[in-house]
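Asks: Taking the hints into account, I'd like the entire structure generated from these sequences.
Protein chains in written order, with this note's numbering: chain A, 1 to 286; chain B, 1 to 262.
These are computed hints drawn from the structure, not numbers from a lab. Please read these numbers as outputs of a predicted model, since none were measured by experiment. Treat the hints loosely; a few may be bogus.
[As the list claims (entries may be wrong)] What follows is a set of in silico ranges between Cβ atoms, one per label pair, in the way DEER data are often shown:
hint : chain 1 : residue 1 : chain 2 : residue 2 : range
1    : A       : Val122    : B       : Glu18     : 49 to 59 Å
2    : A       : Ile98     : B       : Asp233    : 57 to 67 Å
3    : A       : Ser116    : B       : Val28     : 32 to 42 Å
4    : B       : Asn114    : A       : Gly265    : 27 to 37 Å
5    : A       : Leu106    : B       : Lys117    : 29 to 39 Å
6    : A       : Ser116    : B       : Arg216    : 34 to 44 Å
[Claimed, not checked] Below 30 Å or equal to it, Euclidean Cα-Cα: the simulated DSBU-like pairs (lysine-lysine) are:
hint : chain 1 : residue 1 : chain 2 : residue 2
7    : B       : Lys117    : A       : Lys276
8    : B       : Lys188    : B       : Lys157
9    : B       : Lys117    : B       : Lys79
10   : A       : Lys276    : B       : Lys111
11   : A       : Lys276    : B       : Lys131
12   : B       : Lys131    : B       : Lys157
Ideal Cβ positions, reconstructed from N, Cα and C, are used throughout, including at glycine.
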Amino acid sequence: MSIVEDNTAAAPDVDEDELRRRRARKFERIGKWVLPVLVMALALFAWDRLVVWNGIPHYILPGPWLVFSTLISDWPILFDALLVTLQITLMALAVAVIGGVGLAVLFTQSRWMEMSFYPYAVILQVTPVVAIAPLIFIYVDSRIAGLLLCAWLVAFFPVLSNTTLGLNSADHNLRDLFRIYGATRWQRLRYLQLPSALPYFLGGLRIAGGLSLIGAVVAEYVAGTGGIGSGLAFRILEAGYRLNIPRMFAALILIAVTGVVIFAGLSFISHMLLRKWHESALKREG
Amino acid sequence: MAATSAPLGQRAEVMRIEGVDKVFNGDVVALKGLNLTVNSGDFISLLGPSGCGKSTALRLIADLIHPTRGRITWAGGQKAGDLGVVFQEPTLMPWATVAQNVWLPFRLRGKTYNSVKDEIIEALRLVGLDKFQNAYPRELSGGMKMRVSIARAMVTKPRLILMDEPFAALDEITRFRLNNDLLALKEKIGCTVIFVTHSVFESVFLSDRIVVMAARPGRVIRELTVDAPYPRDEVFRTSSDYAAYCRQASDALHEAMEGVAA
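Replies: Here is the structure:
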């Protein structure tokens with residue numbers, strides 16, 4: 001009995017259909033990377049031509065090369081701003097993970113807790129953060145704490161909701177088995193519920209990563225005029241007031257790239273943690 | 001190391017079910033008046049149509065549900081590790097390796113992997129999977145997963161192993177092979193088994209006692225003894241004795257399905 005068949009024997013002749021399928025798979029692999037780059041190149045070209053052919057002034061719509069050169073020339077200002085936004089984003093994500101997972105564990109350990117507090121978590125989630133943020137900045141003295149609170153409010157719910165679902169999704173036969181073997185509540189949580197919840201948690205984390213950036217940016221918008229002047233969102237606002245549209249675009253591009261990098265990083269972590277056992281991370285032919 | 005069981009009638013009692021009824025939601029009678037004495041080395045099959053309370057009986061023995069009436073008592077009292085269970089599905093933890101899955105019953109009793117490593121390897125060797133201890137469940141076939149599940153159930157050398165239609169979802173060839181392997185295992189470690197099945201042939205091949213149950217309400221209508229010596233093999237499977245026992249069990253099952261209490 002063996003898991004892997006012996007593949008050392010001479011490979012049989014491959015028929016035309018199989019060769020065609022292999023070629024199709026190869027093109028698909030290449031296309032996955034080439035096509036988005038091609039679309040980006042075409043869009044930049046169209047943008048550039050639109051600006052040049054119509055003679056649009058840079059304070060209305062700058063061309064892509066002007067945006068790129070502004071990104072280089074304003075890099076010291078923009079990079080400092082990026083670090084501030086990134087700091088708020090990552091701190092909010094960390095607190096969202098701690099708060100979301102902590103509350104989810106509490107909810108699954110105590111039905112009463114879940115019944116008492118879950119509705120309020122939903123209310124916090126469905127109320128737009130732009131509506132809550134001004135209130136937060138009235139009552140919270142520290143601006144950093146206010147920004148963090150806003151970003152956390154947006155980011156924690158996907159972690160809470162997904163982790164709660166995951167903790168409750170452990171296989172019922174395994175639950176029975178743990179009971180038969182006399183597992184304590186802590187053992188059941190550690191050896192059964194938390195591993196079962198991991199794929200759900202990581203799904204929530206990927207959403208929360210993007211949302212914490214959105215939360216940080218929105219909070220900076222609300223707080224920006226009140227004195228915090230160093231985040232990317234504030235730089236966009238400031239550039240708007242000065243009609244420095246190229247810098248607005250440059251800051252916007254940095255925010256988008258940051259979001260993509262956060263998503264890719266979290267996807268990578270998720271893949272590394274699940275690659276050995278979870279369906280979502282396993283590669284199958286066909 | 002062979003651990004041949006004592007002859008029927010001379011075996012020490014392990015567990016006793018006395019007058020157990022189980023009623024769900026106040027009026028659904030799942031089991032009525034179940035009496036069963038399980039002795040050391042018994043291989044008992046619970047045979048019956050769907051809804052006759054076979055799985056309910058197992059869940060009662062496993063203390064996952066409680067009897068409405070009657071009682072279940074263990075000779076000398078029940079201790080942690082007295083019970084091993086194999087479900088219809090392999091029920092393995094997909095995030096854990098084969099060895100980690102078999103370690104589970106020990107782990108929940110606070111034992112480190114290294115302190116019970118020899119027992120885990122031995123259990124895997126007995127089911128023919130010692131070379132796959134570092135594999136993940138997804139890498140195994142259905143039959144191999146079920147072997148891991150059996151290894152996990154017996155690794156603590158429990159006094160009683162409950163098996164709830166463990167081979168029902170497997171193909172015929174794998175089921176035959178696992179039936180043979182299960183009996184070989186029983187001979188080696190001398191375990192006591194209660195085995196739930198729909199299959200007349202499987203119950204006759206494996207058991208020395210067959211408890212035939214009828215539905216609505218779930219109850220025992222007949223107990224048959226299969227007085228054929230172990231080890232049993234393909235010779236027994238094709239013998240006239242086997243055919244005669246199958247006929248008896250089949251008749252009893254028909255009786256159960258017609259709802260005629262004996």
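Asks: What hint numbers does the structure not satisfy?
Replies: Hints that this structure does not satisfy do not exist here, as all of them hold.
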